[in-house]
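Protein sequence lines correspond, in order, to chains U and S. Here the numbering used here is used: position 107 in the first sequence is 120, and no number is missing along the way. Here the numbering used here is used: position 3 in the second sequence is 0, and no number is missing along the way.
Simulated from the structure, these hints should not be mistaken for laboratory data. This one's a predicted model, so the numbers in the text were calculated from it and none came from an experiment. A couple of the hints might just be wrong.
What the hints assert, rightly or not - If the Cβ cut is set under 10 Å, some of the chain U residues that face chain S in the computed set are: (1) Ser44; (2) Phe103; (3) Cys104; (4) Gly115.
Backbone N, C-alpha and C define an ideal beta-carbon position, used for all residues, glycine too.
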Amino acid sequence: NAGVTQTPKFQVLKTGQSMTLQCAQDMNHNSMYWYRQDPGMGLRLIYYSASEGTTDKGEVPNGYNVSRLNKREFSLRLESAAPSQTSVYFCASSEFSFPDYGYTFGSGTRLTVV
Amino acid sequence: DAKTTQPNSMESNEEEPVHLPCNHSTISGTDYIHWYRQLPSQGPEYVIHGLTSNVNNRMASLAIAEDRKSSTLILHRATLRDAAVYYCIRTGGGADGLTFGKGTHLIIQP
Chain U
14 NAGVTQTPKF QVLKTGQSMT LQCAQDMNHN SMYWYRQDPG MGLRLIYYSA
64 SEGTTDKGEV PNGYNVSRLN KREFSLRLES AAPSQTSVYF CASSEFSFPD
114 YGYTFGSGTR LTVV
Chain S
-2 DAKTTQPNSM ESNEEEPVHL PCNHSTISGT DYIHWYRQLP SQGPEYVIHG
48 LTSNVNNRMA SLAIAEDRKS STLILHRATL RDAAVYYCIR TGGGADGLTF
98 GKGTHLIIQP
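All chains, please: the whole structure from these sequences, using the hints.
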């Protein structure tokens, strides 16, 4: 099925470890996004990439880096994980500057930092 | 600032219509209203969107007030699978992402 694929689905890290969350979409969308969702909260934007070759900070970028590897792939890296980064991470994609198009979300990566 | 206001939770019975309200009193003339829902342990899912006119699709209907300061998502015949958190989001349509509030937790009773 077409859509947004995230890997891994679950991960446990120790404080200070690093890891990269992977995201790929096969809908030829220009824009891609990383969100985090804490318990009982709405999603908060970490970083986004409006088009291939560009990235911008969202609401909560501290402690994260991103790479737009190509049009399909957008990765999120935690260089030194902290317990405050325990969350569910969602990747999404959409068409650029078209409000008529909805966003498509992946199924999430559940990350625990101990 | 999510820029929209929704009730924290609502409850309805299976096979009955559900009307989910949303206030967006500071909406600009070019902002669209989008609705997403999030089922338990899943990512958000697009439901419907609109600008000025009422909209219908296979999932729901969207009724937008004439002054555009509020809107209502209508599920015509709720099922247990409609139990989810529903987010009302206003967006200018740029590529800078969606701003989510806490949404409305919809509970469906059998």
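Hint check against the structure, violated hint numbers in rising order:
Violated hints: none at all, because every hint is consistent with the structure.
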